[in-house]
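For this one, chain A is given, so just place chain S on it according to the hints.
Protein chains: 2
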Amino acid sequence: MHYSQLSTPALTVDLESLERNLDRMAQYCREHNLGLRPHTKTHKTPELARMQLSRGAIGLTVAKAGEAEVMAGADPAEILVAFPVYGAEKLRRLAELARARRILISLDSEAAARQLSAAATAQGVEFGVLVEFDAGLGRCGLFPGPDCVRLARTIQKLPALRFRGLLTYPGNIWGTDQERKKESQSVATAVARALAAFDEERLPVEIVSAGSTPSASLSHEIPGVTEIRPGTYVYNDLNTHYQGACSLEDCAARVVATVVSIAVPGRAMIDAGSKTLSSDQLRAGPQGGYGLLVEAPDAPLIKLNEEHGYVDTSNSGRHFQVGDTVTIIPNHVCTCVNLHEEIFLLRSGEVVGSWLVAARGKIR
Amino acid sequence: MHYSQLSTPALTVDLESLERNLDRMAQYCREHNLGLRPHTKTHKTPELARMQLSRGAIGLTVAKAGEAEVMAGADPAEILVAFPVYGAEKLRRLAELARARRILISLDSEAAARQLSAAATAQGVEFGVLVEFDAGLGRCGLFPGPDCVRLARTIQKLPALRFRGLLTYPGNIWGTDQERKKESQSVATAVARALAAFDEERLPVEIVSAGSTPSASLSHEIPGVTEIRPGTYVYNDLNTHYQGACSLEDCAARVVATVVSIAVPGRAMIDAGSKTLSSDQLRAGPQGGYGLLVEAPDAPLIKLNEEHGYVDTSNSGRHFQVGDTVTIIPNHVCTCVNLHEEIFLLRSGEVVGSWLVAARGKIR
Chain A
1198 MHYSQLSTPA LTVDLESLER NLDRMAQYCR EHNLGLRPHT KTHKTPELAR
1248 MQLSRGAIGL TVAKAGEAEV MAGADPAEIL VAFPVYGAEK LRRLAELARA
1298 RRILISLDSE AAARQLSAAA TAQGVEFGVL VEFDAGLGRC GLFPGPDCVR
1348 LARTIQKLPA LRFRGLLTYP GNIWGTDQER KKESQSVATA VARALAAFDE
1398 ERLPVEIVSA GSTPSASLSH EIPGVTEIRP GTYVYNDLNT HYQGACSLED
1448 CAARVVATVV SIAVPGRAMI DAGSKTLSSD QLRAGPQGGY GLLVEAPDAP
1498 LIKLNEEHGY VDTSNSGRHF QVGDTVTIIP NHVCTCVNLH EEIFLLRSGE
1548 VVGSWLVAAR GKIR
Chain S
1198 MHYSQLSTPA LTVDLESLER NLDRMAQYCR EHNLGLRPHT KTHKTPELAR
1248 MQLSRGAIGL TVAKAGEAEV MAGADPAEIL VAFPVYGAEK LRRLAELARA
1298 RRILISLDSE AAARQLSAAA TAQGVEFGVL VEFDAGLGRC GLFPGPDCVR
1348 LARTIQKLPA LRFRGLLTYP GNIWGTDQER KKESQSVATA VARALAAFDE
1398 ERLPVEIVSA GSTPSASLSH EIPGVTEIRP GTYVYNDLNT HYQGACSLED
1448 CAARVVATVV SIAVPGRAMI DAGSKTLSSD QLRAGPQGGY GLLVEAPDAP
1498 LIKLNEEHGY VDTSNSGRHF QVGDTVTIIP NHVCTCVNLH EEIFLLRSGE
1548 VVGSWLVAAR GKIR
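Just so you know, the sequences run in chain order A and S.
The first sequence begins at 1198 in the working numbering and counts up by one.
The second sequence begins at 1198 in the working numbering and counts up by one.
Bound-form chain A, shown alone (with noise of 0.2 Å):
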């Protein structure tokens, strides 16, 4: 069946771009020696867990207690939970799950690494723990200094815990290359702050994890980072492409969408809306719009509601008819996955089979 015929809004991968966005980021990891751990929030598939795994994945990252339940099924030898969890239910899980396979924790406060230890210590299990410093975004983390060092030590002397090192998500890598490689540079300076403190104290640090998509590629002029934790490479988005870090080939998901209206002058609607593609904004490149119109890169998606899509077609040269079938790139391809039950698989545009997105609203 050619995707045009799959019944509308639907989410589908070319497996030939996903194929090579994974060899490409494996190639640069082996290349620099850097670990690959990458963050399954974007595809919240097992299958293809599977497919990063077998290409020298030296686990999974992932944010949240349900997502490590579904990706325990693709069978990896640790799974790293890049979230500071509180809360004893969720922990409970988190420590079933570490009976089997090594479960590592990133964490920033003492009371959520008492109530870690509390868990493994219930079910006789052990955590390894990542103590996760700030390198610039102002999210979650420590300053890179002392407190990093006292945090590690308060983990050392917790029950059923291990202290393995360090993470930071420099998520303010963002933008042109230009941009990025300047906060890069801010990026390298906090790393180095946070190692200088561990090294001064003379406690040894096994592990710095860092990396997401749009700084993947500068990693390894990052001195002291062992690992990188990439999620949207896998299938790339709008925020990816517009920053330069990949090309629209590249962009493997896409919604297929058909044309039902076209009954307002300058207006085709799409059946993909908010609840199909997400509400996420364009943070690269052109501002505005809510995904690119392969079939039509002249008719912006100007506004979404929860099921319609306004395509603008004023300035187009495209005839659009009722009927129509388009193709979108979505702006944020992690939000717009998790809306989906199912992500149909292309090779040179038939339909040769589907995923369960099984992790998707996996919130706890």
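Be a bit skeptical, because a hint or two may be false.
Since copy identity is lost for identical chains, a pair holds within one copy or between any two.
Unchecked claim - Here are the simulated DSBU-like cross-link-like pairs (lysine-lysine), alpha carbons at most 35 Å apart as the crow flies:
hint, residue 1, residue 2
1, Lys1354, Lys1379
2, Lys1378, Lys1354
3, Lys1379, Lys1500
4, Lys1500, Lys1378
Hint data in this document are derived by calculation from the structure and do not stem from the laboratory.
Just chain S now, kept in the frame of chain A:
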């Protein structure tokens, strides 16, 4: 169990507020002799649809075939699909539903009408049809006038379809009381123009369907409207509140979250981000922000990542600690609910049960 003991993030609804919201809208419609055909896209929950039907709703409204399949579980006499569905697979499923109950669909093109007729004919069922006209929003719908009559005549000639009336979505009635009243007058002009064209051709119009939550209370002032389709009123949200269409106490659905990090000065990070609240912007009242923290209205939720909410604590009187429970009223409850598998039911702060959000993610 008290709601503060829920594993977070968790979507909750206060049943007392919900029942008050349901009663108020039911009473308004009775008083003004308007049919109430609530849009179930807000709650996506058959149990709640039954509460609406038991309070006198004349049927249910959905946007998608998948929502109709789930809502059939609430056993309404009739389901209105207020979306110009195009696609044989979806119409086949709707035709199957039409064996057991009346299905009514709105559309604005001959192409959609012909496909609908073919689907109904193939399965030996009948669809009721409403012709959609545009009352100023510029989304779907023909210009009110002779074009609507022409499409109605085409529908009358097509096999297995029955023309039953008109539909419009008055999404342009939005904003302050004054803004909404003004726009309501222009919607009234459009309705009058549409009805005049049918009157001239002596074509009877049984149904004139309009109404949304912000416009609901003005519906009786639009001559000709026979029924309304509000959705949001069951739970309400910040967008509704800031238009003056409900009080904060009427915001029945709230997200319970936990403070997970206070490491960065001026920040409290919570475990609810865009995959829990949605990225929908505030479109009424004070601009900016992604929801109201009930416990600290002076601490704005300034930014969301997928699983992180950024609370700006720099001007707040509250002292945030890791582990604190907070409660958020979302900007837009419809997109928020769609992200949750389950909604927890509260009475006086105690969890008394939960509903599955059975139609969430039903995009086809």
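How the hints compare with the structure:
| no. | hint | verdict |
| --- | --- | --- |
| 1 | Lys1354 to Lys1379 | neither (38 Å within a copy, 67 Å between copies) |
| 2 | Lys1378 to Lys1354 | neither (39 Å within a copy, 66 Å between copies) |
| 3 | Lys1379 to Lys1500 | both (33 Å within a copy, 23 Å between copies) |
| 4 | Lys1500 to Lys1378 | both (33 Å within a copy, 24 Å between copies) |
Against the hints set out earlier in the document, violations occur for numbers 1 and 2.
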